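Novice: Using the sequences and the accompanying hints, generate a full structural model.
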Amino acid sequence: MREVLLWTGAGQIGMAIARRVGYGKTIVVGDRSLEHAQAAAGVMNAAGFDVIPVEMDLSSRASIQALIREAQRHGEITMLVNAAGVSPSQAPIETILQVDLYGTAVLLEEAGQVIAPGGVGVTISSQSGHRMPALTPEEDALLACTPPEELLQLDLLQPERIRDTLHAYQLAKRCNEKRVMFEAVRWGARGARINSISPGIVVTPLALDEFNGPRGAFYRDMFARCPAGRPGTADEIANVAQLLMSPQGAFITGADFLVAGGATASYFYGPLKQPSQSGVPETDRTPDTRETRRN
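Counting with the numbering used here, you get residues 40 to 334 for the letters of the sequence shown.
Everything labelled a hint here was simulated from the structure, so no lab data went into it.
Among the clues, some could well be false.
What follows is a list of derived Cβ distance ranges for each label pair [as the list claims (entries may be wrong)]:
(1) 199 / 40: 20 to 26 angstroms
(2) 40 / 274: 26 to 32 angstroms
(3) 174 / 85: 43 to 49 angstroms
(4) 227 / 81: 32 to 38 angstroms
(5) 195 / 87: 44 to 50 angstroms
(6) 175 / 84: 47 to 53 angstroms
(7) 290 / 72: 33 to 39 angstroms
Here the structure is a predicted model, which means the values were calculated and not measured.
Glycine included, each C-beta is placed from N, C-alpha and C at the ideal position.
Specialist: See the structure below:
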């Protein structure tokens, strides 16, 4: 039976990862826009890959299940690359929570029920999950373990508790990291592994819109004063994913890898640190740090 790579979110990071680990496999790519999925499949197929585009809505369990059924038609799912989602500048609070938080939780759960023994997955989170004040251990446990259908009912995710779309995005990404830890235990029962990567700002067409927009000066200042001195590329994220999804990463599961060029380190302990009281949320200190979806 042929191996299948299940790929969600037909953007540049997902494609860069698929190009590194998807050769010799059937790749099924799902995206909310069938046109985007078809375009990504066209580029990959022209390079010798075997890619099948499918329309898929990450906010819908039924849509996720349909994508998985389509993938199973072509073989055994041995890899998951989740690069789907929306950014704070693209959607309201409710949509961010429904897609990035609930949808990712559902996908990890559903894929974990069918992933082949020895299989592996990676989901793309964000540095934003690292740049908000710590939650209580009880809140972290709720984000990690609450059944997906009950997640959006949690007190800490109610609209009156969420300041703006960036705060919603931070909570979603913190949840992603915790769900990966929780799901790693369940995937492990099948002999499979799952990890997450939290990128900083990565150059994609969408990011270029931000660089040339009203927040362009902020981004340029951030790059100049972070250790790397620049934004990242999709291939640099894929380099990490390739390690995590290879035999060399066989002892790594339930982990999150911050790949941000040191921007988050500088945010807490370097020149990007804001002159405000400790513990004040990022949304109150740096309202212009909304990220463009890179994945």
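Novice: Hint by hint, say whether it matches the structure.
Specialist: Here is how each hint holds up against the structure:
{"no.": "1", "hint": "199 / 40: 20 to 26 angstroms", "in the structure": "violated, 50 angstroms"}
{"no.": "2", "hint": "40 / 274: 26 to 32 angstroms", "in the structure": "holds, 31 angstroms"}
{"no.": "3", "hint": "174 / 85: 43 to 49 angstroms", "in the structure": "holds, 45 angstroms"}
{"no.": "4", "hint": "227 / 81: 32 to 38 angstroms", "in the structure": "holds, 37 angstroms"}
{"no.": "5", "hint": "195 / 87: 44 to 50 angstroms", "in the structure": "holds, 47 angstroms"}
{"no.": "6", "hint": "175 / 84: 47 to 53 angstroms", "in the structure": "holds, 48 angstroms"}
{"no.": "7", "hint": "290 / 72: 33 to 39 angstroms", "in the structure": "holds, 37 angstroms"}
Checked against the numbered hints listed earlier, the structure breaks hint 1 alone; every other hint is satisfied.
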